[in-house]
Amino acid sequence: MDELTNYFKLLSDETRLRIMVLLYHRELCVCQLCGITGISQPNISKHLGRLRDSGLVKDERKEQYIFYSLNMKDKLFENILKNIVGNVEEYPILKSDIEKSKSAEKYIELANMCK
1 MDELTNYFKL
11 LSDETRLRIM
21 VLLYHRELCV
31 CQLCGITGIS
41 QPNISKHLGR
51 LRDSGLVKDE
61 RKEQYIFYSL
71 NMKDKLFENI
81 LKNIVGNVEE
91 YPILKSDIEK
101 SKSAEKYIEL
111 ANMCK
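Counting along the sequence shown from 1, when you hit position 12 you're at 12 in the UniProt record's numbering, and nothing is skipped either side.
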């Protein structure tokens, strides 16, 4: 039961929810997450740290960038997130984030904060 309540605590924060929905679709670096969401780099980094510490997000260095992706080792969490993503049409902010993420590469070119 503790695991379930922990998932909902993590997803109850709008920033973490937005990050998780974006990472459900693809791996992203901090500058891409900042560009897509309009949230500051320190804020994104803080929430990514919390998600990484909980084991839900993993990171991988690729050249000078660190890319984050979901760690879908838990079926319960995967199902929760799948239900959220499946209903994204009902949440304009999440829908907008997903649309912006389709051109995520431009945010690496526009920002040097990932370096």
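I should point out that these hints are in silico values taken from the structure, not numbers from a laboratory.
If you're wondering where the values come from, they're calculated on a predicted model, not measured in any experiment.
Even for Gly, the Cβ is constructed at its ideal location relative to N, Cα and C.
There's no promise every hint is true.
Claimed, not checked - In silico lysine to any residue, SDA-like type, Cα no more than 25 Å apart, as pairs:
1) K58 with T37
2) K62 with D13
3) K95 with I108
4) K95 with M1
5) K82 with E63
6) K106 with K73
7) K62 with R52
8) K9 with K62
9) K62 with G86
10) K100 with S45
11) K95 with D2
12) K75 with D59
13) K82 with Q64
14) K46 with I66
15) K95 with E63
16) K106 with N83
17) K75 with Y65
18) K106 with I80
19) K73 with P92
20) K100 with N6
21) K58 with L17
22) K58 with L11
23) K62 with L76
24) K75 with Q64
To be verified - Restraint ranges, calculated between C-beta atoms of paired labels, are given here:
25) L4 with Q64: 15 to 25 Å
26) D2 with K62: 17 to 27 Å
27) E3 with E63: 16 to 26 Å
28) I93 with G49: 36 to 46 Å
29) S45 with Y91: 35 to 45 Å
30) G38 with D2: 11 to 21 Å
31) R61 with K106: 33 to 43 Å
Checklist entry - Of the hints stated earlier, which fail here? => result 2, 4, 5, 6, 8, 9, 11, 13, 15, 16, 17, 18, 19, 20, 23, 24, 25, 26, 27, 28, 29, 30 and 31
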